[in-house]
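There are 2 protein chains.
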Amino acid sequence: MAIISKATIERLSIYCMYLKRLLNRNGSNRHISSYELGREVGASAAQVRKDLSYFGNFGCKGVGYDIENLEKKLEEIIGFTKKWEIALVGAGNLGTALVNYKNFRDLGLNIDAVFDCDLAKIGNTIGGIMVRSVKDMEQVIREKNIKVGIIAVPADDAQEIAEKLVAAGVRAIWNFAPVSLKLPDDIILSSEYLLPGLASLVFCLNNKIN
Amino acid sequence: MAIISKATIERLSIYCMYLKRLLNRNGSNRHISSYELGREVGASAAQVRKDLSYFGNFGCKGVGYDIENLEKKLEEIIGFTKKWEIALVGAGNLGTALVNYKNFRDLGLNIDAVFDCDLAKIGNTIGGIMVRSVKDMEQVIREKNIKVGIIAVPADDAQEIAEKLVAAGVRAIWNFAPVSLKLPDDIILSSEYLLPGLASLVFCLNNKIN
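Line by line, the protein sequences are chains Y and A. Just so we're aligned: the first sequence equals residues 723 to 932 in my numbering. Just so we're aligned: the second sequence equals residues 723 to 932 in my numbering.
The shape of chain Y in the complex, shown without the other chains (with noise of 0.2 angstroms):
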């Protein structure tokens, strides 16, 4: 396989979902054209057929992509296909907004376990699942053999806590506290700082770029 840059499986995911909500929707389309789904998601006809380039050839001349079929094949070139179990660390506003966030949901990536410190959490029911004590974080990691952590504590806690994922057995952490976690080479770490967004955002208010 060519090597495949992170924007390339970024932007299938937001293909894939489109793809979704289309075959939700019920219409009566069953093709989608490149430029179709390129103005979709902000990419250009070209963009979408090279991402698509690297795994196959799923469109047809004129016809366009069969938007089952090419939402299917996006599952299983990103891995939504399979099941992942997924550990949720801090059932703030932040983790809860992740529990229910229906983008998540509609492609069966649900959240399998969530963990918080504060008492007052410990026992409550986010999105249908109870929330547990990090006492017990390790023990459920291993006993589910989850993969997955998402990190949703304050700055402060999420480098202790990333660390006992790992040890878990945790092999990939998506990390919403705004601190850089240092951890093995061999863990995927992925942060979500949310502020890049608002900065470009600001950036071209500031410079009146459209």
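Please keep in mind that the hints were generated in silico from the structure rather than gathered at the bench. Watch out, some of these pointers could steer you wrong.
Where chains are identical, the list cannot tell them apart; a pair therefore holds if satisfied intra-copy or between any two copies.
Derived lysine to aspartate or glutamate pairs resembling DMTMM-like cross-links, with alpha carbons at most 25 angstroms apart [claimed, not checked]: (1) Lys804 - Asp878; (2) Lys904 - Glu732; (3) Lys824 - Asp879; (4) Lys804 - Glu732; (5) Lys805 - Glu860; (6) Lys728 - Glu762; (7) Lys904 - Glu790; (8) Lys794 - Asp878; (9) Lys804 - Glu865; (10) Lys886 - Glu860; (11) Lys742 - Glu758; (12) Lys930 - Asp907; (13) Lys930 - Glu807; (14) Lys728 - Glu758; (15) Lys742 - Glu882.
Bear in mind that the values here come from a model prediction, so they are computed numbers and not experimental data.
Guided by the hints, dock chain A onto chain Y, whose structure is given.
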């Protein structure tokens, strides 16, 4: 000014966030090298130097960057030093998390008005701000001269809310609803679908790429 990519601005905001944290920590180091700065945010020293070179010459060979000075310069470059009036629509878990997000508050990016259509939420206070009815949204936005809108409402409501924001004078929209918005070309739009972050983790895990 050279054409600055969105990715550059996004990285500048992460450098800025990291430098702000160093300053708040009150450490003894007054300088930082491009290598150290890059390491903290997952960029190479060369990338850091390139990103900064668009805007001037901030470092000193062998000494590095003055942390306080560079942080201030980055705030100016991005536009964080100006006061931006920001409105948030949707006072659910995600909206509440955004109002309280430490990364924004540390940089003086405060949300000034919050709206929701849920009678159970209107009148409540989140992060010190009273939630108002969306019925009052257009009037408040005009009065406060709000130019930035954040959408954290369900997908089905997002387009209508976006149009109302634009009609009231908002020029830049940060959209968290999992739907692509159709807005006039002169409106700055950035969508935060969150799915891409999880997708790139899952893809790496599925293909055993670190």
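Hints, verified against the model:
Neither within a single protomer nor between protomers do Lys804 and Asp878 lie at most 25 angstroms apart by alpha-carbon distance, with minima of 33 angstroms and 29 angstroms respectively. In this homomeric assembly, Lys904 and Glu732 come within 25 angstroms of each other (Cα to Cα) both inside a single copy, at 23 angstroms, and across copies, at 21 angstroms. In this homomeric assembly, Lys824 and Asp879 come within 25 angstroms of each other (Cα to Cα) only across copies, at 14 angstroms, whereas the closest approach inside a single copy is 27 angstroms. In this assembly of identical chains, the alpha carbons of Lys804 and Glu732 lie at most 25 angstroms apart only when taken from the same copy (18 angstroms versus 32 angstroms across copies).
Proximity of Lys805 to Glu860 under the C-alpha cut-off of 25 angstroms is restricted to the intra-copy arrangement: shortest distance 20 angstroms within a copy versus 44 angstroms between copies. Proximity of Lys728 to Glu762 under the C-alpha cut-off of 25 angstroms is found in both arrangements, the shortest distances being 20 angstroms within a copy and 19 angstroms between copies. Taking CA atoms no more than 25 angstroms apart as the test, Lys904 paired with Glu790 passes between copies only; the shortest distance there is 24 angstroms, against 41 angstroms inside one copy. In this homomeric assembly, Lys794 and Asp878 come within 25 angstroms of each other (Cα to Cα) only across copies, at 24 angstroms, whereas the closest approach inside a single copy is 40 angstroms.
Within a single copy, Lys804 and Glu865 get their C-alpha atoms as close as 19 angstroms, which meets the 25 angstroms cut-off; across copies the closest is 51 angstroms, which misses it. Taking the closest pair of Cα atoms, Lys886 and Glu860 come within 25 angstroms of each other only inside a single copy of the chain (7 angstroms); across copies the shortest separation is 47 angstroms, beyond that limit. In this homomeric assembly, Lys742 and Glu758 come within 25 angstroms of each other (Cα to Cα) only inside a single copy, at 15 angstroms, whereas the closest approach across copies is 42 angstroms. Proximity of Lys930 to Asp907 under the C-alpha cut-off of 25 angstroms is restricted to the inter-copy arrangement: shortest distance 13 angstroms between copies versus 41 angstroms within a copy.
Taking the shortest Cα distances, Lys930 and Glu807 sit within 25 angstroms of each other only across copies (16 angstroms), while inside one copy they are farther apart (44 angstroms). Within a single copy, Lys728 and Glu758 get their C-alpha atoms as close as 23 angstroms, and across copies as close as 23 angstroms, so both meet the 25 angstroms cut-off. Taking CA atoms no more than 25 angstroms apart as the test, Lys742 paired with Glu882 passes between copies only; the shortest distance there is 22 angstroms, against 37 angstroms inside one copy.
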